[in-house]
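Each chain, written out:
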Amino acid sequence: MSKRDNRAAAHHRAAPPVTSPQESRARVESLIASGKTREALDLAKQWFKETRSAEAEALVIAAYEARIGAMLAQGLYADATALAALVGDRFPAHRQRLVPLVTQSRAIAAGDVRTLVAELAAAAPPRRQEIEAILMRELRDPRLLAEADTLAADHPLRRAARAVCDLFAAVTSGRLPEGALAALDQVPRHSPLAPWKLLIRALDAYYRRADGAALANLDAIPPRAAPARLVPVLRHLIGEPGALDQRLPAVGALIKAVSGGRPMLRPHLLRLVRALDGKDPGTAVATVERILPLLELEPAPVKRIFTATVLRHWHRLNLNPKPLIEALRRDRRDLDWQRETQRLIALTLERSGAWDEALIFWDGYFTAVTRAGTLSATGRAASRVLLHMAELVPADREEVLDTFDVDSEQELEALIRTGELPECVDRGRLLARAREADPDPRVFRALVAHWESRDPRRAEAEAEAWRQAHPRDLEPLLHLVRASERRGAHRKALDLLDEAEAINRVHPEVRQSRIRLLLASAERRIREGRFALALADLDRLEKDAAATSGDTWAYLGAVRSVATRRNGDGPGAVRLHEELASRFGNPTTLALILSSVAESFGLDPPAAPEPASPAETVQALARSCDLFRTLDRPLAVPPELLARVERDLGGASPADLHSLCVGGLYMGRPALTYAASGEGLATDGPLLHRFLLARGRALSAAASRRDRDRAGRCLRAAREMAGRARDMDAVREASSVIDALGRSPESAPWAPPAPVADLEPLTTDEIARLISAERAHRQAPTFGAEKAPRKRRRQPRRPQRDLFDDFLAFVEKNL
Amino acid sequence: MLGIEETADDEEVRAAYLTAVRRSPPDRDPEGFRRVREAYEAVRDEERRLALRLFGPAPLDRLDALLDTIPDERRHVGPEPWLDLLRGDRP
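So the protein sequences, as listed, match chains A and B. Numbering (our numbering) for the first sequence: 394 to 1208. Numbering (our numbering) for the second sequence: 56 to 146.
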């Protein structure tokens, strides 16, 4: 027997035997009044079937009306409408009587409860309970009840609705004042507004971050009540797992507006972390696909950070990138996002050291965005991208040649010309494109630096172009001055220097350049035997206040004595020496100056003075270092004197120690820098960061990897301390050496990148520990790492184009 | 962190920074202030914003740290977004 038959049998069994029409009518009306509409309808139908009387027909219609009303109360709108249509067909005379029920059914289904509310004012049980049940389920905005004119203003339900409206608006608009929820006490437990009361309490608890109380109130909301539709959203906002239809725009909008979507992301992110930890790319890709739509709710940078991070982790784990890239494509068939993904892949590759493959993706990105017009092919942004690409190409030419397994730049150039390698792997071409996009000083600086070691003439031409494009820039002029000086074109160099002085006379290099140029001119003339002209240059120099300050005058005196000696005036040279000795207080310093100058002209040094005390020797070397470094002249120091100074640094002043640190680097003697910085680190003064910087620089020239790691730590600490001391020159110097260390040929391109923690600033405690450790390191390391001969790769490395081609084909197809 | 659009100019960035500092003053929320400051330093002028747009963002060391980039806020948005969901979610 079917369920339906069972139910019918049960109803028939439940129906008492009919005795009279009066009894039947009374029985049906009693069942309707008690809400048992199904039984009432069965009984009325049975009586009508037996009698076919008008009275029975009226009763069966009443039973149908009650049944349809009950179905509406249960939310069975479609069933109720269908039943009303059926009854209208069977009893055409009563069709009009059923019309209001059908209309009401359709209105409720559309969310309009006004007719119900109007009926409520006069409704008696059980119709009243039916209406209240419908309201509980269908009242999706309590204002409909609060503003219903069909109810009296003081009707308890309308009063309660007003309280609910006010509190709902208040709780969603700001923190509720203490005791505000007491207004909800007028809403009884059985009221159709009771679920709203629970919702308001849950919202209040949510905003007070009392998540336990919020969840308890949400759990108490009947699942069929209208506010229950907000329960999954609130549970998500709290961070509770649960089903939520995120495809509904209103859900996304609400979550974004209230929380920014953070609670929805958490479980997925944790799943992704676990999948990556377990090297499970299938689950990871599926999770990425779940996460990406959620990130649409977030600001654009969040999605970019996520994508960059996933790509980075993916690459670190050496997982096949194709499924991930496919997932990123599927996420949004939006070409801007495709191009953006290409950029993020390029960044991932370059961060991993795969500069050649990164360049391919950068080039693809650049071509795509400029073609699409999202990035102008000219201007600052384009120039920055091209400059960035150029900077990815290693400065070490050997590394570039190694990467492409070619023996010379000519061979590399040939591969580029024939199209076997893309043009984007050539730094010079990239810089030229950057200059075309935006002739910015940064680009010119990079161009000049690029060509300086390859083709000085080309570097000079770029500096000249720079000067033309930026006539007020000092930098190209200084480069041209140096270039002219190197070529021996001192006259031109001095003319250029005049222009530089017109721009900035007090610039340190400008000031030093005039002395250096005149000195170089005088020295060249001495070598050429044009002594009168040399002495004239020296006369001009001695009129310059800067040239006679500090110890410079002694250097000029030494050069003059050489000129006099080479001119055959031996007694004159002796007189000059005596005059210098009488004016110069420190004979050891003077001896160092005279001997270095004499040596630079290939002359025998004068007789050495009496051995000085260790302190005097240290001071003499420190002064000489400062002088020769300032004048950019070679300082020749006898090895035994250097060894003595490195041994006897105890008691030297911090200033002298610092001069020796810098001088050691200038002379290419890292052992001196190491010893002086060690002595300086033992002092606690304002130069501490400078000593740490010098220690780092000395160690960066050490032979062993361990010592170079030490160098990196010292340099990072020095940079941090210099930053705190606002010594920006030291910050820049430390950064530059750190960069150079990072680019050392020993760091394999595919080596895992340094953990991010290592790149974070050192704390004060870490710096203090490092300084203590360096103070304890007295033994100088072995310096002068020899560069390993270039090893040929077993397999030539060519940029991996397949992934890129695949990607580009997709983008182009959609353009 | 600062809640600004990518096209924001210097003035808008500055205004957003000051608002964020008022929300996380250094004496009451030093960690929050540090993050606000870092965010501001990354976008304070056009050159930095350009660099961030072209060469950012830096990937995170931990994926779940992404949550830290999304503020744990519970914003009061008024009744309408809630009612929109109820009204729009018709069977």
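Keep in mind that the hints were calculated from the coordinates and are not lab data. Quick reminder that beta carbons are idealized off the backbone N, C-alpha and C, glycines included. Some hints here could point you the wrong way.
What the hints assert, rightly or not - Pairs of lysine to aspartate or glutamate, EDC-like flavour, derived with a Cα cap of 16 Å:
id: 1; chain 1: A; residue 1: K936; chain 2: A; residue 2: E921
id: 2; chain 1: A; residue 1: K649; chain 2: B; residue 2: E135
id: 3; chain 1: A; residue 1: K438; chain 2: A; residue 2: E450
id: 4; chain 1: A; residue 1: K649; chain 2: B; residue 2: D127
id: 5; chain 1: A; residue 1: K649; chain 2: B; residue 2: E128
id: 6; chain 1: A; residue 1: K936; chain 2: A; residue 2: E971
id: 7; chain 1: A; residue 1: K715; chain 2: A; residue 2: D673
id: 8; chain 1: A; residue 1: K649; chain 2: A; residue 2: E691
id: 9; chain 1: A; residue 1: K649; chain 2: A; residue 2: E689
id: 10; chain 1: A; residue 1: K438; chain 2: A; residue 2: E458
id: 11; chain 1: A; residue 1: K885; chain 2: A; residue 2: E845
id: 12; chain 1: A; residue 1: K649; chain 2: B; residue 2: D139
What the hints assert, rightly or not - Just some of the chain A residues that point at chain B, by a computed CB distance under 8 Å:
id: 13; residue: R705
id: 14; residue: A774
id: 15; residue: L1035
These are the hints, each one checked on the structure:
For the hint pairing A:K936 with A:E921, the CA-to-CA distance comes to about 24 Å; that exceeds 16 Å, so the pair is violated. For the given pair, A:K649 sits about 14 Å from B:E135 by alpha-carbon distance, which is consistent with the 16 Å threshold. A C-alpha spacing of about 8 Å is found between A:K438 and A:E450, which places the hinted pair at or below 16 Å, so the restraint holds. Annotation: proposed proximity of A:K649 to B:D127 holds, straight-line Cα distance about 12 Å (limit 16 Å).
At most 16 Å may separate the alpha-carbon atoms for a hinted pair to count; A:K649 and B:E128 meet this at roughly 10 Å. For a cut-off of 16 Å, the pair hint linking A:K936 to A:E971 is broken: about 22 Å separates their Cα positions. Proposed proximity of A:K715 and A:D673 is supported: the alpha carbons are some 14 Å apart, at most 16 Å. Straight-line distance between C-alpha atoms of A:K649 and A:E691 comes to about 7 Å, which keeps the hinted pair within the 16 Å bound.
A distance of roughly 10 Å separates the Cα atoms of A:K649 and A:E689; the hinted pair therefore holds under the 16 Å criterion. For the proposed pair A:K438 and A:E458, the alpha carbon gap of about 13 Å is at most 16 Å, so the pair holds. Using a Cα cut-off of 16 Å, the hinted pair A:K885 and A:E845 is violated, with the two alpha carbons roughly 19 Å apart. With a CA separation close to 14 Å, the supplied pair A:K649 and B:D139 stays within the 16 Å bound.
Using the Cβ-Cβ criterion of 8 Å, the hint placing A:R705 at the interface with chain B is satisfied: the shortest such distance is roughly 4 Å. For the restraint placing A:A774 at the interface with chain B, the shortest Cβ-Cβ distance is roughly 6 Å, inside the 8 Å limit, so the hint holds. Given the 8 Å rule on beta carbons, the hint for A:L1035 is violated: about 45 Å separates it from the nearest Cβ of chain B.
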